[in-house]
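Participant: Spelled out from the first residue to the last, the chains are:
2 protein chains.
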Amino acid sequence: MTRKATIIGGGVIGGGWAARFLLSGWDVAVFDPDPEAPRKIGEVLNNARAALPALADVPMPDEGQLSFCATIQEAVQGAEYIQESVSERIELKHRVYAEIQKHAPKVLLGSSTSGYKPSQLQEDAPNPGVIFVAHPFNPVYLLPLVEVVPSAKSDPQNIETAKEILRDIGMYPLHVRKEIDAHIADRFLEAVWREALWLVKDGIATTEEIDEAIRMGFGLRWGQMGLFDTYRVAGGEAGMKHFMAQFGPCLEWPWTKLMDVPEFNDELVDLIAGQSDAQSGHMTIREMERIRDQNLIGFLRVLKERNWGAGKVLLDHDARRRAAVPDPSADSAAPLVMAHIQVLPGWIDYNGHMTEARYLTASTDTIDAFLGHIGAGMEYVAAGHSYYTAETHILHLGEAKLGDRLTGSVQVLGADDKRLHVFITIARNGEPIATLEQMLLHVDVNAGRTCPAHTDVLARLMPIADAHAALPRPAGAGRHIGQRKS
Amino acid sequence: MTRKATIIGGGVIGGGWAARFLLSGWDVAVFDPDPEAPRKIGEVLNNARAALPALADVPMPDEGQLSFCATIQEAVQGAEYIQESVSERIELKHRVYAEIQKHAPKVLLGSSTSGYKPSQLQEDAPNPGVIFVAHPFNPVYLLPLVEVVPSAKSDPQNIETAKEILRDIGMYPLHVRKEIDAHIADRFLEAVWREALWLVKDGIATTEEIDEAIRMGFGLRWGQMGLFDTYRVAGGEAGMKHFMAQFGPCLEWPWTKLMDVPEFNDELVDLIAGQSDAQSGHMTIREMERIRDQNLIGFLRVLKERNWGAGKVLLDHDARRRAAVPDPSADSAAPLVMAHIQVLPGWIDYNGHMTEARYLTASTDTIDAFLGHIGAGMEYVAAGHSYYTAETHILHLGEAKLGDRLTGSVQVLGADDKRLHVFITIARNGEPIATLEQMLLHVDVNAGRTCPAHTDVLARLMPIADAHAALPRPAGAGRHIGQRKS
Numbered sequence: 001m002t003r004k005a006t007i008i009g010g011g012v013i014g015g016g017w018a019a020r021f022l023l024s025g026w027d028v029a030v031f032d033p034d035p036e037a038p039r040k041i042g043e044v045l046n047n048a049r050a051a052l053p054a055l056a057d058v059p060m061p062d063e064g065q066l067s068f069c070a071t072i073q074e075a076v077q078g079a080e081y082i083q084e085s086v087s088e089r090i091e092l093k094h095r096v097y098a099e100i101q102k103h104a105p106k107v108l109l110g111s112s113t114s115g116y117k118p119s120q121l122q123e124d125a126p127n128p129g130v131i132f133v134a135h136p137f138n139p140v141y142l143l144p145l146v147e148v149v150p151s152a153k154s155d156p157q158n159i160e161t162a163k164e165i166l167r168d169i170g171m172y173p174l175h176v177r178k179e180i181d182a183h184i185a186d187r188f189l190e191a192v193w194r195e196a197l198w199l200v201k202d203g204i205a206t207t208e209e210i211d212e213a214i215r216m217g218f219g220l221r222w223g224q225m226g227l228f229d230t231y232r233v234a235g236g237e238a239g240m241k242h243f244m245a246q247f248g249p250c251l252e253w254p255w256t257k258l259m260d261v262p263e264f265n266d267e268l269v270d271l272i273a274g275q276s277d278a279q280s281g282h283m284t285i286r287e288m289e290r291i292r293d294q295n296l297i298g299f300l301r302v303l304k305e306r307n308w309g310a311g312k313v314l315l316d317h318d319a320r321r322r323a324a325v326p327d328p329s330a331d332s333a334a335p336l337v338m339a340h341i342q343v344l345p346g347w348i349d350y351n352g353h354m355t356e357a358r359y360l361t362a363s364t365d366t367i368d369a370f371l372g373h374i375g376a377g378m379e380y381v382a383a384g385h386s387y388y389t390a391e392t393h394i395l396h397l398g399e400a401k402l403g404d405r406l407t408g409s410v411q412v413l414g415a416d417d418k419r420l421h422v423f424i425t426i427a428r429n430g431e432p433i434a435t436l437e438q439m440l441l442h443v444d445v446n447a448g449r450t451c452p453a454h455t456d457v458l459a460r461l462m463p464i465a466d467a468h469a470a471l472p473r474p475a476g477a478g479r480h481i482g483q484r485k486s
Numbered sequence: 001m002t003r004k005a006t007i008i009g010g011g012v013i014g015g016g017w018a019a020r021f022l023l024s025g026w027d028v029a030v031f032d033p034d035p036e037a038p039r040k041i042g043e044v045l046n047n048a049r050a051a052l053p054a055l056a057d058v059p060m061p062d063e064g065q066l067s068f069c070a071t072i073q074e075a076v077q078g079a080e081y082i083q084e085s086v087s088e089r090i091e092l093k094h095r096v097y098a099e100i101q102k103h104a105p106k107v108l109l110g111s112s113t114s115g116y117k118p119s120q121l122q123e124d125a126p127n128p129g130v131i132f133v134a135h136p137f138n139p140v141y142l143l144p145l146v147e148v149v150p151s152a153k154s155d156p157q158n159i160e161t162a163k164e165i166l167r168d169i170g171m172y173p174l175h176v177r178k179e180i181d182a183h184i185a186d187r188f189l190e191a192v193w194r195e196a197l198w199l200v201k202d203g204i205a206t207t208e209e210i211d212e213a214i215r216m217g218f219g220l221r222w223g224q225m226g227l228f229d230t231y232r233v234a235g236g237e238a239g240m241k242h243f244m245a246q247f248g249p250c251l252e253w254p255w256t257k258l259m260d261v262p263e264f265n266d267e268l269v270d271l272i273a274g275q276s277d278a279q280s281g282h283m284t285i286r287e288m289e290r291i292r293d294q295n296l297i298g299f300l301r302v303l304k305e306r307n308w309g310a311g312k313v314l315l316d317h318d319a320r321r322r323a324a325v326p327d328p329s330a331d332s333a334a335p336l337v338m339a340h341i342q343v344l345p346g347w348i349d350y351n352g353h354m355t356e357a358r359y360l361t362a363s364t365d366t367i368d369a370f371l372g373h374i375g376a377g378m379e380y381v382a383a384g385h386s387y388y389t390a391e392t393h394i395l396h397l398g399e400a401k402l403g404d405r406l407t408g409s410v411q412v413l414g415a416d417d418k419r420l421h422v423f424i425t426i427a428r429n430g431e432p433i434a435t436l437e438q439m440l441l442h443v444d445v446n447a448g449r450t451c452p453a454h455t456d457v458l459a460r461l462m463p464i465a466d467a468h469a470a471l472p473r474p475a476g477a478g479r480h481i482g483q484r485k486s
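Here the protein sequences come in this chain order: C and D.
First residue of the first sequence? That's 1 in this note's numbering, and the numbers climb one at a time after it.
First residue of the second sequence? That's 1 in this note's numbering, and the numbers climb one at a time after it.
Not one of these hints is a red herring.
Okay, derived cross-link-like pairs now, DSBU-like style, lysine-lysine, Cα gap no bigger than 30 Å in a straight line: (1) Lys40/C <-> Lys241/D; (2) Lys312/C <-> Lys201/D; (3) Lys201/D <-> Lys178/C; (4) Lys153/C <-> Lys106/C.
Residues of chain D placed beyond 12 Å of chain C at every Cβ, according to the derived structure: (5) Asp27; (6) Gly78; (7) Ser119; (8) Leu315; (9) Leu402; (10) Asp456.
Hints listed in this document are in silico derivations from the structure and should not be mistaken for laboratory results.
Even glycine gets a Cβ: it sits at the ideal position worked out from N, Cα and C.
Generate the whole structure from the sequences, applying the supplied hints.
Facilitator: Structure, rendered in structure tokens:
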């Protein structure tokens, strides 16, 4: 049965939560008295649909059902998880919790609050044990971090269940063990924000100069290692103690105005808003959102390729989902579907189609999966043997577009102990859009020359080759360039 | 004549500067009394050689000459630029400057200081007008940011010349208009560092939890947009003023301990060093450097693909260098060398060779350059016409490895008003390692069908086709898969 989440409070944050749950296959009920809520959430959802699937390398679940409810009572009906993202006013949150717990007292209730401690949220609640902080970061549908903060009154088992649910929607729950105002990350953001206000107010730097000072330097570092690991590396082999001996004394220096809070008056607001307009007023917010999302997708895919940081979260998430994709049966007399591929934003060329090189990537994914299937995968290569591609013929029959879901299937045209002749079909909804005929040679990697494949590999390959010998030869096989279609 | 830079003070920062200059074709003379300096700089240089070229899409200049000098007098001889990266002690810097300016009083003298103001550096100097702050960020050979800070005594023309030199080595000089302790970026780092020390000291979070709170969330954002642009987007269409109205009141909240400085004693140092060991002690610093560099290369290439932020700096840098690469002569009876390609770390597969898809990328780069050459480039596509690839035949003749410099050349095998039949050779040192035969069709993009090319395009294409008709037909042309080599 489809699982259901309730989102209390729409807007950018609530919309981001709704998108994560929906795109993870959950049904979502939204309560927000703002008549604009469906439009606002719809916009966030559209952004998310163009972004989150670009991070997956296994097929996404079917999207859940989105509904808008007139009352909290209706919205929490049958929900397994409730996320509250209303304005940062404690009395409002308390009122909302009282109403929620009148109808669903036992359901997990996370709050997106960036400032309040869970013990403050729990005050006067009918069932404080299910209430906790689940503080996400914008854009919620792309950034994995969610700070999960319990209080002493929170039931530890509830917190573990909540973390499992957050992982299910692809997030990285950071368990904050001691509650504190603003949790962890926002304390840093607040510190930087204050200092930035001073720099602008005193005319040291404009908003644009400050942004460049961040994104051209330490901002790039912090997307992949945090503060301490970055300094650990900077300290070199002498280690963290050495680094701190150097850096420690700086704390005594007058390098910060943070002892003090700038007066937050209209003049400062106008100064900053004016500089921000001069910096980025030539772009709409929608354009900037798209740029931001595409950049973040790029960063996250880089980290995923390296199984590092946020990329490890994505790989683990894929692994959980992949378990649900069935393995092809080995001896079937049909081409083997070995890969499921979704066309990503970064794969699109200036014609608006998938770039040519990506057809070969799709084919490589297909063949790699096939080689893994016959026991000639990564471990086989590490042990010194591999199949190298000697020759490839690509025939383009259609054009893949953004978001298309493709399959890659393999038909073995011929095989002996050294040669593997395959025909790969990249298809969309069963219709081929490209075919790739390849000749692979089995090599001794160290010697750099062909040699017979291991008998275990041949024992798995040959029954497939025999079964496929009964299949009709594909029309595209054996062509040379420019040959008329038969 | 080769330009020369002098590096005073080795170590991680001085070594990074040396690497940037050397890999940009400058000769570099280093002065550092530490007998370990050559080893330390050599290690940084090895890292840089494996990293910086991965950001370039035009050939790098030949590496300059590195020399180590016994005296400052010898090191500054003939230098056009001097960069000082000695310890952060003002009296040491003053002593070094006095010695430098005894022998090279007029040469630009940048300091890597993270804390001192240029006016402090200039005190008692024989020629203060050439002295300024040029504060880089580790790893200096990858991160583009350098804060250039003059004082009132600095000659503005000198500062402009210095910025030009820093651009020449691929950096982004951020001109800090008013001098201030710690410039801009390090004020933020200092603020975050202080807050982090409190969180660790009070047992709220470990170094690892803090690092995750950064790199899983806002750190990813800050690699591509800074503080203000990020909040501008978060504010939505209501704009920056609206965002600030929400955020402003938080400044009154007790969300920071930054009013106060934690006591920096041995206990705190041990606590942090111990947590850092638990977090990352399973990796050597060298391993972490490689991981960091590969991640940064990935991020920077993502931004380069999008011509955004630090990626725009890289594209502009390429454009300056590309101007030096000669255009092929159009009517020569020889295949046209249209692309210069360097094999990047991210292009290597688990066999240690360039991945198959990258041969097609190299070929696409070659053909795109050729299409631009005959007037069928991006603008032609934007106007509604394009050449689509119908078919490709790839023949692998060798294996490209990390760092290899390849050329992509085009031989036109045949052309009419709708068809373009080409043979592309990817070569290393003139030896083909792959050939790609392609049939391209000229299409009306909107109608989605073939049509004759524009007469201007044909007027440039046909003379090349005629000239190439005299060339011998390549051995690999017209093959089908598995055909025996003739």
